[in-house]
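Asks: Here is what each chain is made of, one letter per residue.
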Amino acid sequence: MSLEDAFADGPAFVPYLAAGDPDYESSLKYVEALERGGADVIELGLPFSEPIAEGPTIQNAVVRSLEGGMTPTRFFEFVEDLDVSVPLVCMTYYNLIYRYGDESEAQRASNTSGETVSNGPRPFVEKAAEVGIEGFVVPDLPAEEADPLREACDEFGLDLVFIVAPTTRGERLDRIMEQVSGYVYVQARLGTTGAQSSVSDQTGSSLERLTDYDVPKAVGFGISSGDHAERIVASGADGIIVGSALVDIVAEGHENGDDAETVADRLETLARELKDGAVAGASQRPPHPERT
Amino acid sequence: MSLEDAFADGPAFVPYLAAGDPDYESSLKYVEALERGGADVIELGLPFSEPIAEGPTIQNAVVRSLEGGMTPTRFFEFVEDLDVSVPLVCMTYYNLIYRYGDESEAQRASNTSGETVSNGPRPFVEKAAEVGIEGFVVPDLPAEEADPLREACDEFGLDLVFIVAPTTRGERLDRIMEQVSGYVYVQARLGTTGAQSSVSDQTGSSLERLTDYDVPKAVGFGISSGDHAERIVASGADGIIVGSALVDIVAEGHENGDDAETVADRLETLARELKDGAVAGASQRPPHPERT
Amino acid sequence: GKFGDYGGQYVPEALMPAIEELNDAYERYVLDNEDGFMDDFRARLRDFGGRPTPLQRADRLSERYDREVYLKREDLLHGGAHKLNNALGQVLLAKYMGKERIIAETGAGQHGTATAMACAHLDMPCEIYMGERDINRQRPNVFRMKLNGSEVNPVTVGRGTLKEAISETMRDWATNVEDTHYVIGSVVGPHPFPSMVRDFQSVISEEARTQAREKLGRLPDAVVACAGGGSNTMGAFAEFVDDEETALYAVEAGGSTLEVDEEAGVAPNSASLTTGTEGILHGARTRLLQDRDGQIMESHSVSSGLDYAGVGPELAHLVDTGRVTAVNVDDDEALTAFHRLSQMEGIIPALESAHAFGYLESVAGPDAPDSEEADGLGEYVVVNVSGRGDKDLESAIEETYERDIDIAPNMDEFTGGL
Amino acid sequence: GKFGDYGGQYVPEALMPAIEELNDAYERYVLDNEDGFMDDFRARLRDFGGRPTPLQRADRLSERYDREVYLKREDLLHGGAHKLNNALGQVLLAKYMGKERIIAETGAGQHGTATAMACAHLDMPCEIYMGERDINRQRPNVFRMKLNGSEVNPVTVGRGTLKEAISETMRDWATNVEDTHYVIGSVVGPHPFPSMVRDFQSVISEEARTQAREKLGRLPDAVVACAGGGSNTMGAFAEFVDDEETALYAVEAGGSTLEVDEEAGVAPNSASLTTGTEGILHGARTRLLQDRDGQIMESHSVSSGLDYAGVGPELAHLVDTGRVTAVNVDDDEALTAFHRLSQMEGIIPALESAHAFGYLESVAGPDAPDSEEADGLGEYVVVNVSGRGDKDLESAIEETYERDIDIAPNMDEFTGGL
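Protein chains in written order, with UniProt numbering: chain X, 1 to 292; chain S, 1 to 292; chain Z, 5 to 422; chain B, 5 to 422.
These are calculated hints, taken from the structure and not from any lab test. Beta carbons: idealized from backbone N, C-alpha and C, even for Gly. Mixed in with the good hints, there may be bad ones.
Said to hold, decoys possible - DSS-like, lysine-lysine: derived pairs with alpha carbons at most 30 Å apart:
1) Z:Lys219 - X:Lys127
2) Z:Lys219 - B:Lys99
3) B:Lys6 - S:Lys127
4) B:Lys99 - B:Lys219
5) B:Lys219 - Z:Lys99
6) Z:Lys219 - B:Lys219
What the hints assert, rightly or not - Some chain Z residues judged to face chain B by a derived CB distance under 8 Å, without partners named:
7) Asp51
8) Arg77
9) Asp127
10) Arg148
11) Asp295
12) Ser346
13) Met348
14) Leu397
Produce the complete structure using the sequences and hints provided.
Replies: Below you can see the structure in the form of structure tokens.
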């Protein structure tokens with residue numbers, strides 16, 4: 001199933017977890033629990049050492065995952081080991097994509113010309129396609145720098161999801177929307193990722209700016225409850241993206257030493273609440289021109 | 001007896017102590033012990049808070065004396081209370097001489113003109129003459145600045161002793177020797193006061209430069225034993241000035257809590273050794289043109 | 005915004021409009037001197053900052069190295085380092101842009117103090133992000149920032165040093181981007197920062213070039229500057245880049261060794277030009293200390309101002325093209341040079357700047373092998389004294405004591421700190 | 005050698021030949037520029053020291069005080085204070101005289117560090133006398149002197165502060181007078197020191213006068229400088245003395261109170277111009293803090309650089325004749341001014357210099373009574389920023405915390421030191 005298809009049958013619930021948080025085996029169970037909870041797409045984080053777009057919750061998840069030995073290579077194994085059928089999106093920072101499959105140390109040592117030696121994003125995308133990943137979200141890659149990754153995605157049939165921020169307007173918005181595929185990640189408020197106790201006012205106006213663009217709009221940043229999900233979808237979103245609220249459950253379970261099944265159950269419960277909220281929200285939506 | 005007369009009958013022994021060190025009563029006994037030990041002239045230190053020409057021994061004596069309550073007024077009482085018959089020289093720094101008998105605080109407060117208000121050295125000299133002091137040594141008053149004090153001394157019939165340093169030569173020497181009276185204080189070596197374990201080589205050449213001047217030459221700085229005294233006098237000095245070696249005895253007695261009589265006896269003993277040394281040195285002196 | 009393949013704008017979308025706005029302001033105010041911005045900036049650098057800084061002949065070093073050694077005295081700039089050139093320029097630009105709040109990151113505290121000074125001078129509210137570990141290592145600088153009226157926000161994630169502070173400041177910016185300007189402290193970050201910071205810092209080489217002509221009647225044969233992020237380096241090189249007869253040496257922190265421990269993710273040096281590989285960090289493509297996977301490594305240098313895993317993209321490009329020669333000096337050599345300059349010239353340099361002098365010693369000193377490198381320096385050498393060492397007294401004592409630097413004064417009475 | 009009745013040469017005879025020799029050298033090299041001495045000196049001040057220092061308009065203070073406030077930025081001089089002007093001049097003179105060894109005293113350590121720097125620069129061995137108590141209060145400065153290759157000799161007699169250090173240095177000089185020059189740190193001591201130090205420092209007012217003409221098209225209505233021994237004061241005033249239209253304000257340290265405890269021999273201030281009486285100390289007749297008998301009192305100021313019982317004889321004379329107005333500012337006002345300048349202008353001043361700003365606030369600030377004093381300052385005021393406050397961070401924290409200065413940033417996390 002393609003990403004866009006995942007949005008076809010009503011509002012999509014798009015949860016996020018960092019792969020390998022807090023360890024490989026538990027993390028497999030957690031991600032699978034998301035699907036049981038109703039996930040339509042799953043964003044799987046490949047942790048990067050400098051997660052500049054993340055708030056404290058996901059920063060800590062990144063630390064736990066890295067300390068647990070997560071690497072790009074392990075990440076692809078992780079995806080292969082996962083027993084889920086919904087589409088998977090890899091969320092990571094561009095340097096990991098850019099560096100993957102780079103020349104060996106031996107090549108590097110013998111290269112003294114000073115030339116650029118990276119292979120660029122193609123090897124990463126090729127491998128991602130191979131293990132069944134459907135698309136990418138890359139928080140530090142704006143449309144301006146995305147051509148090489150876009151080209152590799154096109155080559156291997158993957159989607160490239162872009163984030164649209166509350167500050168994104170006019171020409172910038174056009175430029176992004178020309179390149180986006182799968183869905184557009186609507187950033188609900190300024191700042192970094194992180195669960196919030198209330199829904200941002202900025203969401204409505206952000207969605208309004210996007211009305212004319214014909215691609216599913218998934219709203220993220222700060223959604224933590226079924227109630228949030230309901231209101232977001234009611235105000236026009238085609239989907240909701242939830243990360244930190246789920247990662248909080250992983251973190252709490254890790255701190256308390258809870259067993260993985262218990263934590264997985266909690267994740268499934270919250271997932272279901274969020275999904276149900278989204279579905280409830282859809283029924284309140286104003287009439288909307290039908291999408292192709 | 002005038003200062004110069006004290007040098008008439010063979011080599012003069014000129015000991016120094018700080019008045020009031022470590023306390024008023026003990027200090028009276030110590031100074032009197034010096035006379036018993038053979039002193040021909042006694043230099044009595046009036047302590048000043050910034051004794052820039054003194055080494056550590058006399059600096060500490062100054063601190064003890066000041067902490068014991070010594071002031072210029074007490075100093076004059078001290079001189080009056082002293083039971084000695086040899087001439088006394090007051091050794092102090094110029095600010096105390098300059099400030100003595102200055103206007104009262106009330107006068108000072110009402111004086112807002114910014115004019116110079118000190119009475120100068122005259123009141124101090126007048127008072128010194130009144131209590132029987134015969135002369136002054138002022139280590140921070142070179143010949144260039146000495147006119148006011150010189151004039152007051154002349155008015156009241158006191159001698160003004162100048163120090164001649166190893167660096168004093170040529171015109172400077174002439175200028176000093178024109179002004180000096182009583183005796184000239186020949187500084188045996190560069191530096192500050194303080195007992196030394198050997199006699200400076202500079203003494204001989206210093207005395208040589210002074211041969212032609214017709215005033216008693218007393219050598220000081222570093223003399224600590226009868227042997228030193230003997231050699232100094234043998235090399236042509238008319239007298240020896242000894243301070244730190246005696247002050248050391250006072251300091252040691254103070255530290256050990258010895259009673260004043262015991263300390264006085266020790267001072268008398270060292271005084272006698274020094275006086276005897278000086279006398280012994282005189283017998284070895286080369287023939288010398290008779291002085292008027 | 006590109007230097008060969010380096011540079012670019014790798015930042016979250018939320019920041020892009022602000023970066024476009026900044027780029028527009030950069031082009032108008034800085035490049036085109038709109039509203040007399042550059043005149044205002046230069047006047048403030050002169051009156052508030054103390055420019056021009058001297059180009060001083062180092063008499064005793066000249067004798068030691070048997071060539072004419074001249075010092076560009078950025079240590080005399082207000083605040084004690086070249087950092088003010090950039091901080092003042094950016095805060096002033098933010099004011100022209102109508103921004104109402106300044107944020108900045110700082111490692112050793114030099115950029116933070118310069119920004120705090122500029123903000124006090126220009127009456128702008130300011131918050132500085134600083135790793136908690138750096139806060140504890142650089143308390144006098146923290147206090148200086150607070151005295152100048154800035155808030156200092158401790159960053160507790162990760163190792164608590166510069167890298168984390170930059171990431172955290174970017175997060176603040178992403179949150180408050182509409183009224184806030186982020187004053188990046190070096191020639192790093194997304195375009196237009198590398199170009200803009202270079203332009204603000206290029207007053208160093210602009211002056212040095214004029215002063216060399218006046219004093220020597222010619223251009224120097226070589227310019228030597230230390231390189232961490234590269235702002236003093238680019239400032240000292242910029243106006244000489246077209247003077248092909250002047251060799252340019254960027255001296256990196258060799259740390260304790262150039263060897264890298266990939267397992268631990270630690271590079272015990274900060275030599276990203278010498279040992280780094282191409283990658284994307286903090287908004288730009290450049291040379292980085294990273295592991296095989298692209299995870300950024302912890303860097304190290306005795307000088308906290310050089311202790312950074314990246315380097316300015318333009319400098320990386322100039323090294324790649326051969327215009328700039330990247331060399332490096334290890335911790336011990338830098339410390340020894342710190343003591344040598346203090347004793348021989350009466351100038352206590354920043355440990356950063358000491359690296360530049362360490363290079364001079366290593367190729368032209370009495371114990372140096374006769375080498376082509378020494379010839380490369382030529383007859384007239386300008387060394388950039390990027391900052392003064394007052395900020396480094398505490399670490400100089402500790403590190404000197406630990407390493408037993410033979411020319412150092414006796415440290416015994418200072419162990420345990422100042 | 006006399007300023008009215010002040011000045012003179014009240015020193016031990018052993019020193020007189022050296023003082024005559026120095027006076028001769030002063031007249032030949034400094035006054036007559038023999039062998040191009042003054043050209044050499046000025047070139048070194050420029051290249052090594054960083055002169056000229058700016059005359060900067062203080063925008064926010066100008067607004068606060070409703071007049072044009074200009075800052076003479078001696079804080080930007082190498083070493084961080086005006087002290088180098090004099091230290092460099094004297095060490096260079098000693099070199100021209102063929103002396104082989106330098107000694108100096110220091111209180112807060114500013115003169116000691118300046119002398120140590122000058123000695124390193126000119127390759128002269130150097131020993132600095134410093135009270136043991138001051139050594140403990142100013143450890144960073146002790147370390148700076150040692151880094152520059154100087155010996156630091158602790159003085160343990162008395163209270164272990166500046167007064168004792170001066171006496172001890174005079175003792176060293178009396179012992180080693182033949183090959184040694186004593187670099188006195190202020191316009192005090194026997195002639196020719198007060199004149200010579202003034203001449204070396206007068207570059208401050210020479211520049212300020214020229215800069216005022218260039219920037220303002222006129223001379224300032226007033227020059228304000230703090231006064232301890234008086235070297236920055238005389239430096240800031242010297243070239244204006246003949247400009248009768250320019251008022252000159254010497255701001256002394258009022259300490260905690262101007263009242264004096266004669267019993268304890270303590271003056272809890274350093275206001276010798278305001279409250280002192282005539283006397284002789286450290287080689288000169290001048291105004292002193294002394295008791296009725298002529299014993300020198302312990303002075304006090306929150307600023308250790310002003311903490312001295314005497315003052316330069318020429319400055320005392322200028323006050324007596326009415327050319328200079330002596331005023332004073334207490335510890336609290338000085339600390340408040342320290343924080344105000346840091347926050348409003350981005351310049352952390354030395355606590356010494358903060359006194360000059362305290363005076364501005366007290367007569368022209370928002371809470372000042374409308375007074376003739378404020379009128380006396382006129383429209384254009386030049387304030388001498390004699391030094392930077394980096395050296396004072398530790399004491400500023402402690403004293404601010406103890407006194408609860410209301411405009412200060414929160415100090416809690418810094419109690420217990422940096």
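Asks: It remains to establish, for every hint, whether it holds in the given structure.
Replies: Checked hints:
| no. | hint | result |
| --- | --- | --- |
| 1 | Z:Lys219 - X:Lys127 | violated, 61 Å |
| 2 | Z:Lys219 - B:Lys99 | holds, 25 Å |
| 3 | B:Lys6 - S:Lys127 | holds, 29 Å |
| 4 | B:Lys99 - B:Lys219 | violated, 37 Å |
| 5 | B:Lys219 - Z:Lys99 | holds, 25 Å |
| 6 | Z:Lys219 - B:Lys219 | holds, 28 Å |
| 7 | Asp51 | holds, 4 Å |
| 8 | Arg77 | holds, 6 Å |
| 9 | Asp127 | holds, 6 Å |
| 10 | Arg148 | holds, 6 Å |
| 11 | Asp295 | violated, 36 Å |
| 12 | Ser346 | holds, 4 Å |
| 13 | Met348 | holds, 7 Å |
| 14 | Leu397 | holds, 5 Å |
Against the hints set out earlier in the document, violations occur for numbers 1, 4, 11.
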